[in-house]
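First residue of the sequence shown? That's 1 in the UniProt record's numbering, and the numbers climb one at a time after it.
No more than 30 Å apart at the CA atoms, straight line, and that leaves these computed lysine-lysine pairs for DSS-like:
id : residue 1 : residue 2
1  : Lys196    : Lys294
2  : Lys175    : Lys147
3  : Lys196    : Lys244
4  : Lys59     : Lys314
5  : Lys314    : Lys280
6  : Lys314    : Lys106
7  : Lys244    : Lys153
8  : Lys33     : Lys59
Distance windows between CB atoms, simulated:
id : residue 1 : residue 2 : range
9  : Lys47     : Gly234    : 21 to 27 Å
10 : Val156    : Glu48     : 41 to 47 Å
11 : Glu20     : Lys175    : 26 to 32 Å
12 : Gln115    : Gln74     : 18 to 24 Å
13 : Gln74     : Val156    : 19 to 25 Å
14 : Lys175    : Lys47     : 21 to 27 Å
15 : Ser91     : Asn292    : 49 to 55 Å
16 : Tyr95     : Lys175    : 34 to 40 Å
17 : Glu110    : Gln305    : 32 to 38 Å
18 : Val231    : Glu110    : 50 to 56 Å
What the hints contain is simulated information worked out from the structure, not anything from laboratory work. Note that the Cβ used here is the ideal one computed from N, Cα and C, for glycine as well.
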Amino acid sequence: MNYSNEQHRLINRVITYIDENIHEPLPLERLAKVSTYSPFHFQRLFKEIIGETPASYVKRLRLENAAHLLIYEQHLPITQIAQISGYSSLSAFTYSFTSYYETSPKSWREGAYLQKFPREYYESKKSKQVRINQEASTDTSQYNEFKWLDLSKVRVAELSPCLTVNRYRIGTYTKGIPCVWEELYRWSNTRNLIGKNTMMIGVPRSNPYITPPERSRYDCRIVIEDPESPVLEGEEIYQFSGGKYVLYPFEQPIDYHDRNTLIECYSELYSYWLPISGYKYLGNPIELVAINEKDGTLALSCMIQAIALAIEPK
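Using the sequences and the hints given, assemble the complete structure.
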């Protein structure tokens, strides 16, 4: 079934609201109010567009966030992770986590998560993360095995707050995303919103080791200068909060099909750089994207120039 731009816009508004309030109670009525639809109509539309009920979507995001923290934030007690993930008690969190992942939070942290990885990413991860978790907590001298990152290029940068227009894709990160970028780029370009230095931000909302590929979400965001422009009438405008990021620029931009290379770079930032940097990560990484028109054709090239993690001092 085809849905109108307005329907997609309102559901996207709810998705953003969930992201920003994931630690709070999010009953159906509250989310329906954000969408402006009745609870019945909202739930039906959400499920048809997103593929899950609102309640299932919220539960999955909370558990995936917890699963991520259990792997990459080894210093955080499981009780604290339960609270961060919106659970009122450790017992409720343990029951929900175990039911969903078929293993306890403790076992997951100790390596059981490897058996749950989507197969398209499993082999690239298998050789690395178990060793990291075994060594990291006992010997900080092991934090020197950078194989994908050139440490001389890693830098901490302050990104300015800005406003963006967004499109999103739900599905595997290895294909399909450039098509969304092309649609958003052409939409923006025909409205004279694209300049020489226009910033384009990709936001992988899901950890592809944890989220099934068909459920993974990726946001494409193009920065705008004038939110009051008449050409933006009816378009949802989003805030990019900016802030401090650890930034890694690639010498040669990375194609979206080469997601495993990106994953390895993210893994080294999370597992090697962060633990000894004095910083902790704040949320979703971002990807700085370059879109170029190919001379003499209508084709576009969409490549990732850099990856970045939002950080703050520990």
